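Asks: If you want the building blocks of each chain, they are given just below.
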Amino acid sequence: EDKVVQSPLSLVVHEGDTVTLNCSYEVTNFRSLLWYKQEKKAPTFLFMLTSSGIEKKSGRLSSILDKKELFSILNITATQTGDSAVYLCAVEASSGGSNYKLTFGKGTLLTVNP
Amino acid sequence: DTGVSQNPRHKITKRGQNVTFRCDPISEHNRLYWYRQTLGQGPEFLTYFQNEAQLEKSRLLSDRFSAERPKGSFSTLEIQRTEQGDSAMYLCASSPRQIRANVLTFGAGSRLTVL
Chain A
1 EDKVVQSPLS LVVHEGDTVT LNCSYEVTNF RSLLWYKQEK KAPTFLFMLT
51 SSGIEKKSGR LSSILDKKEL FSILNITATQ TGDSAVYLCA VEASSGGSNY
101 KLTFGKGTLL TVNP
Chain B
1001 DTGVSQNPRH KITKRGQNVT FRCDPISEHN RLYWYRQTLG QGPEFLTYFQ
1051 NEAQLEKSRL LSDRFSAERP KGSFSTLEIQ RTEQGDSAMY LCASSPRQIR
1101 ANVLTFGAGS RLTVL
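These protein sequences, in sequence, are chains A and B. Just so you know, the numbering used here puts 26 at position 26 of the first sequence, and the rest follows in order with no gaps. Just so you know, the numbering used here puts 1072 at position 72 of the second sequence, and the rest follows in order with no gaps.
Hints were generated in silico from the structure; no laboratory data involved. Predicted model only: the values in this text are computed from it and were never measured. Do not rely on the hints blindly, as some may be mistaken.
Lysine-lysine pairs mimicking DSS-like chemistry, simulated, CA-CA at most 27 Å apart [unchecked claim]: (1) K68(A) with K40(A); (2) K41(A) with K68(A); (3) K40(A) with K1011(B); (4) K3(A) with K1011(B); (5) K1011(B) with K41(A).
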């Protein structure tokens, strides 16, 4: 069974701190890894990673994938209170043919205090 | 494009009752997914449609759960004889046919509380 493990499960920081969120996975037929941000409602897409070692960056957020060691990290620099959310890691794996689904980790709850 | 729409947003029901949730995906998306999320957990995959065909169902989806997408547009998720363990947020998501087909756009969810 596909497995995605995120750590830490929760994290409290002060504004301006830099945080690193971790995601490790064990899946068969890996295709991609995605990061989502979930505030009070629907998860919203952040990044999709398919190749090892290529950093994806969007403003203060960046992410990288290591397909050999089966993990990804999400970095947030100069955190702001608006970054407070649950960050979900999901791995896309094919279950045969064109069928695939995302398997999510439990998420990391990030709280940024002023 | 109004995004993925789910109704109702909240449903409170008594144990044993049937409930139905509706999802309207983004119009040009042919793939539609149902996930369930409980407090402190990530979304768990329930089922997946490509157009009107239901291509995969999770083992989590007991016989009391049924999903349909009759014309390849909106989808319904019905839970029969609800149990307290069914209390959760039911998330619908859709994705396009080819480019970025794995990037799911989620709806705001339908929260079910079974008393």
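Asks: Next, verify each hint and record whether it holds.
Replies: Right, here's what the structure says about each hint:
1. For a cut-off of 27 Å, the pair hint linking K68(A) to K40(A) is broken: about 34 Å separates their Cα positions.
2. With a C-alpha separation of about 34 Å, the suggested pair K41(A) and K68(A) falls outside the 27 Å cut-off, and the hint is violated.
3. With a CA separation close to 17 Å, the supplied pair K40(A) and K1011(B) stays within the 27 Å bound.
4. Taking the CA atoms of K3(A) and K1011(B), the gap is near 31 Å; set against the 27 Å cutoff, the hint is violated.
5. With a C-alpha separation of about 16 Å, the suggested pair K1011(B) and K41(A) falls inside the 27 Å cut-off, and the hint holds.
Against the hints set out earlier in the document, violations occur for numbers 1, 2, 4.
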